[in-house]
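Given chain B, work out where chain Y should sit, using these hints.
There are 2 protein chains.
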Amino acid sequence: MQAPKLPPSPPSPSLARANSNSSRIRANIRGRLNIIPPDPPSISTSTPSPTTPKLKLSKGSAQLNRWSRARTLRSGRRLERSKNQDATTITSPSPSRSPPSGVVMIVSDETTESSEEDDVISPPGGKVIYMVSDGTGWTLEHAVNASLGQFEHCLVDRACAVNTHLFSGIDNFERVVGILKQAAKVGALLLYTLADPSMAESTQQACKLWGVPAVNILRPTTVAIASHLGVEPSGIPRSERNIPLSEEYFRRIEAIDFTIKQDDGALPQHLHRADIVLVGVSRTGKTPLSIYLAQKGYKVANVPIVMGVNLPRALFDMDHQEKVFGLTINPMVLHTIRKARAKTLGFDNEMKSTYSDMDHVRQELEHAGKIYARNPAWPIIEMTGKAIEETAAVIVRIYHDKKHKCSMPSISKRY
Amino acid sequence: MQAPKLPPSPPSPSLARANSNSSRIRANIRGRLNIIPPDPPSISTSTPSPTTPKLKLSKGSAQLNRWSRARTLRSGRRLERSKNQDATTITSPSPSRSPPSGVVMIVSDETTESSEEDDVISPPGGKVIYMVSDGTGWTLEHAVNASLGQFEHCLVDRACAVNTHLFSGIDNFERVVGILKQAAKVGALLLYTLADPSMAESTQQACKLWGVPAVNILRPTTVAIASHLGVEPSGIPRSERNIPLSEEYFRRIEAIDFTIKQDDGALPQHLHRADIVLVGVSRTGKTPLSIYLAQKGYKVANVPIVMGVNLPRALFDMDHQEKVFGLTINPMVLHTIRKARAKTLGFDNEMKSTYSDMDHVRQELEHAGKIYARNPAWPIIEMTGKAIEETAAVIVRIYHDKKHKCSMPSISKRY
Chain B
1 MQAPKLPPSP
11 PSPSLARANS
21 NSSRIRANIR
31 GRLNIIPPDP
41 PSISTSTPSP
51 TTPKLKLSKG
61 SAQLNRWSRA
71 RTLRSGRRLE
81 RSKNQDATTI
91 TSPSPSRSPP
101 SGVVMIVSDE
111 TTESSEEDDV
121 ISPPGGKVIY
131 MVSDGTGWTL
141 EHAVNASLGQ
151 FEHCLVDRAC
161 AVNTHLFSGI
171 DNFERVVGIL
181 KQAAKVGALL
191 LYTLADPSMA
201 ESTQQACKLW
211 GVPAVNILRP
221 TTVAIASHLG
231 VEPSGIPRSE
241 RNIPLSEEYF
251 RRIEAIDFTI
261 KQDDGALPQH
271 LHRADIVLVG
281 VSRTGKTPLS
291 IYLAQKGYKV
301 ANVPIVMGVN
311 LPRALFDMDH
321 QEKVFGLTIN
331 PMVLHTIRKA
341 RAKTLGFDNE
351 MKSTYSDMDH
361 VRQELEHAGK
371 IYARNPAWPI
381 IEMTGKAIEE
391 TAAVIVRIYH
401 DKKHKCSMPS
411 ISKRY
Chain Y
1 MQAPKLPPSP
11 PSPSLARANS
21 NSSRIRANIR
31 GRLNIIPPDP
41 PSISTSTPSP
51 TTPKLKLSKG
61 SAQLNRWSRA
71 RTLRSGRRLE
81 RSKNQDATTI
91 TSPSPSRSPP
101 SGVVMIVSDE
111 TTESSEEDDV
121 ISPPGGKVIY
131 MVSDGTGWTL
141 EHAVNASLGQ
151 FEHCLVDRAC
161 AVNTHLFSGI
171 DNFERVVGIL
181 KQAAKVGALL
191 LYTLADPSMA
201 ESTQQACKLW
211 GVPAVNILRP
221 TTVAIASHLG
231 VEPSGIPRSE
241 RNIPLSEEYF
251 RRIEAIDFTI
261 KQDDGALPQH
271 LHRADIVLVG
281 VSRTGKTPLS
291 IYLAQKGYKV
301 ANVPIVMGVN
311 LPRALFDMDH
321 QEKVFGLTIN
331 PMVLHTIRKA
341 RAKTLGFDNE
351 MKSTYSDMDH
361 VRQELEHAGK
371 IYARNPAWPI
381 IEMTGKAIEE
391 TAAVIVRIYH
401 DKKHKCSMPS
411 ISKRY
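From first to last, the protein sequence lines stand for chains B and Y. Just so you know, the first sequence maps onto residues 1 to 415 in UniProt numbering. Just so you know, the second sequence maps onto residues 1 to 415 in UniProt numbering.
Here chain B stands alone, though its shape is the one from the complex (with noise of 0.2 angstroms):
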């Protein structure tokens, strides 16, 4: 392995502050990649320890939100959103992760070395995290999605912006020391999935050396399922893995081809082919709704309700009519989008009215309210303010439940 190109090593207070502990963790990296802390890996006394925070996440506490003003406030600006997304400059590092004054900075003469990493886009304003992951990354991202989930509160009022980087297929540790010497200069919180037990072990001690809070965030459900099997994990990444794609795999793919050419009543005589029947009026989200389930492995159907048009024969003589799932939604809300896809499609006066008018919105709606009416076999599902992949979860559940016909409803696999 070759030893990445670093810039000199300066004076700084966590390296003053390290112990021998971490010292003895340098010297085995160095020994290693011969690889010497950025500039600066300097961190704030004020910032909580990466991998064990001691932040009290208590309920309702103001303190945190008080905190937050207070180091927007002494950052000298207001964390806007940018509009320019497509920036190509990079932040300086965050002013809490600045040196406390009274540190002697040593500016590396090797300035222009670190030239490749600068271009990573980091829009002004706004906290920065890196993913980085051996595979596809997608596991991260959906993760970090779930979670920030959790700041929304924060995240909507843009009072803290957050900018994530997902850097995929980072298969050696180079690549790696190439982003943490970057997030330790724009000062980045590092969520990675490395599957190598020694790469993330380096990862996690180069972290620690340099000031950068990191989780490998895949690691402690690993390891219980490691204890749980009592078997320990391959340490390979998918990618490298090489195994055959798996049955289930290809009953996805067939099921988005399935879902694909049953879209919007088409071919009604494979109906009974299908898992799950969607019927609702236009606009309810029948499309978007089969393909996040076809992606899920399941073939669906989806047939519009359209007044004055009679609903296919099949669908009432199809065994299974459990599996037909009626869709639902407010008036008003349809209504809504509605008018807002008719100025979309450019429809002509005539068209707009039968389609987005109130009363025939209205209309329909009740047209399909009777036909779930005289079919109470079929779960009536309220689409209304819920996003795809909440509908998606009620309905796999039902899938489920009905299948199995058990009063704990759970999606059940086997591997």
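It should be emphasised that the hints constitute simulated quantities derived from the structure, not laboratory data. Cβ coordinates follow ideal geometry from the N, Cα and C atoms, glycine included. All clues given are correct.
Partner residues aside, some chain Y positions facing chain B, computed with beta carbon under 7 angstroms:
(1) Trp138
(2) Leu148
(3) Ala224
(4) Ile225
(5) Arg414
Just chain Y now, kept in the frame of chain B:
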């Protein structure tokens, strides 16, 4: 909050071992909900501690495999793949979790009480993983799937089959208790995401008390982000947040709409509106790849390459030729896929030979190769043996890389 009905507590080794701390925790939980541990709460002393597994996960050690095999042998049956996936019986607690010999078991006299939970499906054989989420559970499912990838070496040969059960939308502690009771009975590992801190805390305490190994899988990520932003998490599950659906969400829905309409070369006049255009011969995975990318918010068009049919002029007239990706695949692999496809579609002999004949497959791929050679701006994506998720990751990385012209390719977003 109403206390759930639970059987009385039998004397048990785990309770006998309880130190003053866990007694206090028990008292706390009892005080809140009048909970008494389910029968049997006993854990074998050989089971690693749930939250802090002592397992040394050093790569290459054969000890755990031996342990696993020994455990299987101890169980007195081979953990074979069960064909009866719909079985509604439950497994008895796994052998390693049965009480050590010499322990007096007092069987509860309220055996009929827990009948509700007995219906959960656990096909015989294999370890059980329970996943509990206060939201859709998709993040949990994604993370567990990714982690299970680390155990493919044993899942594939079925020496350690795993059954997962996802309980989504679990929004009160009474329901968690019902699941925990069942988890203790079947010896399940509990992986959960619960946003409400007090519910998460009670769950962790109850798991400790009842000997259920458990991990709050998003906790480390959320704590790290909270610490990084200097803002505490809201503690509100997604389903309760009731925030307006975001712009990004509607962009994704629109992308799916667009992508479906553009499938298989439809509407070439709209090609310029696509973010990504995929070209390739039949069965290279254009459609599932398009749909996967659409779910991520990219408008994708796909255009088939068929010998003797000209590609639409609009494809070459577009600005941003770099958004066109040429898919390629090994001819042998494509031949196999097409043969299977021809069989499924019931092609007659003549159709079959033009579609899946090896010479024809080779010629068509050569024809595609010539087109790619004439369009050097198009990145070429190798589809052989790759999952859709993997090729999607490569395409999205190249897409962002070119868009932002940075030398350290990352997929960057602003929240």
